[in-house]
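**Q** Sequence:
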Amino acid sequence: MKPVTAPDIAVVIPARNEEERIAACLAALAGQCPGRVAVILVVNNTTDRTEDVARDAAGQLGLDLTVLSLRLGAQEGVGTARRIGCDHALRSLPALRYLFTTDADGIVDKHWISRTIAHLKAVDAVCGKIEPMAREAGILAAMDRHLGALEGLYRRLVQDFYARHVPGCADLAGTHGEAAGASLAFTRDAFVAAGGFAPIKCGEDRRIVRTLRGLGCKVRHADDVTVQVSCRLSGRAAGGMSDALRARIGQADYLIDDCLPPADWLTRRAYTETLGPWPPLVPTRFRIKVCDLPRHIEMLKTYRNSEWLIPAPDAPAATLSQSVRDSEAPEWGSATVPADPRPQTRRDTFPGTSVAILKPTVGTADPERSPR
161 MKPVTAPDIA VVIPARNEEE RIAACLAALA GQCPGRVAVI LVVNNTTDRT EDVARDAAGQ
221 LGLDLTVLSL RLGAQEGVGT ARRIGCDHAL RSLPALRYLF TTDADGIVDK HWISRTIAHL
281 KAVDAVCGKI EPMAREAGIL AAMDRHLGAL EGLYRRLVQD FYARHVPGCA DLAGTHGEAA
341 GASLAFTRDA FVAAGGFAPI KCGEDRRIVR TLRGLGCKVR HADDVTVQVS CRLSGRAAGG
401 MSDALRARIG QADYLIDDCL PPADWLTRRA YTETLGPWPP LVPTRFRIKV CDLPRHIEML
461 KTYRNSEWLI PAPDAPAATL SQSVRDSEAP EWGSATVPAD PRPQTRRDTF PGTSVAILKP
521 TVGTADPERS PR
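Per this note's numbering, the sequence shown starts with residue 161, numbered consecutively.
Simulated from the structure, these hints should not be mistaken for lab results. All values derive from a computational prediction rather than experimental measurement.
As a list, the in silico DSBU-like pairs of lysine-lysine whose alpha-carbon atoms are at most 30 Å apart:
hint, residue 1, residue 2
1, Lys270, Lys281
2, Lys378, Lys461
3, Lys378, Lys281
4, Lys289, Lys378
Using the sequences provided together with the hints, build the complete structure.
**A** Structure below.
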């Protein structure tokens, strides 16, 4: 096999005022796939020594580092920074095959690159698993464990719902299901096909994964690709992880993750075959408050267990993931199947899935009514 003579892997890292963390971030990348990796640090709107610290660290570690220093406008943000860094990689690295991105406050696993590339031999994009830094995990102790468990259970139920009803999403069942910018990677062709990262303040990570799935690309949520991230409560990106943590620590009835739709929204979209790709983006007016989760959990369990959802005969069933079966809290139990008062039904199968739904021939609910 001909040896690689030029970097074919780019790791893009947006950074703003990260002088205290950037050296550790870069140190975690040192020694991974030597000679193949070019790191592109996009330093934006920074008032500290992030760039100087990064250059010093890269010199000591022997990293191939390029620093892009710029100032973003008021309507721009981390999505813009990732896009600029990736565009630079596409222009400047003629041998480029893989594009990675992480965050400046993250510490990737020592096998982060090699394990991701192993997955990219079979798929177009890899979403890694995000874990809290052990030394900062104490911050999470202030969160309500019961509410956190409810949101975790609901996430697993929603992902299983997508796995059963949306073509191309069977892989979601039993995985972490996240699509965080702290650990994303793409083949060059897939990244270009998706049009790159959207130049927006926040949410560019989930948006590109949604786009890829919509294009029919294969996305894998890999549990063996991990990165530890900061639990700090003062973050750099509006709407990012720090904001989410603050809400969960400081509010008794916070809004849950905006990729988790209301249960009735899900079932109605499944009924009309209009769910769209994972991960969804729930409009603010439809987002669920954590204290309302028991009702939505019960609705999804009822839908899953009822006679309205039965295996289609001509396709293998997308089985319910073990993670949901094992994690069901005993206090919820299994929903009782209600008697169906409607005398006539027809049996339809979702295209590309293993699920058939008994649909009413009369009395169909208005699909445009509010889902909550």
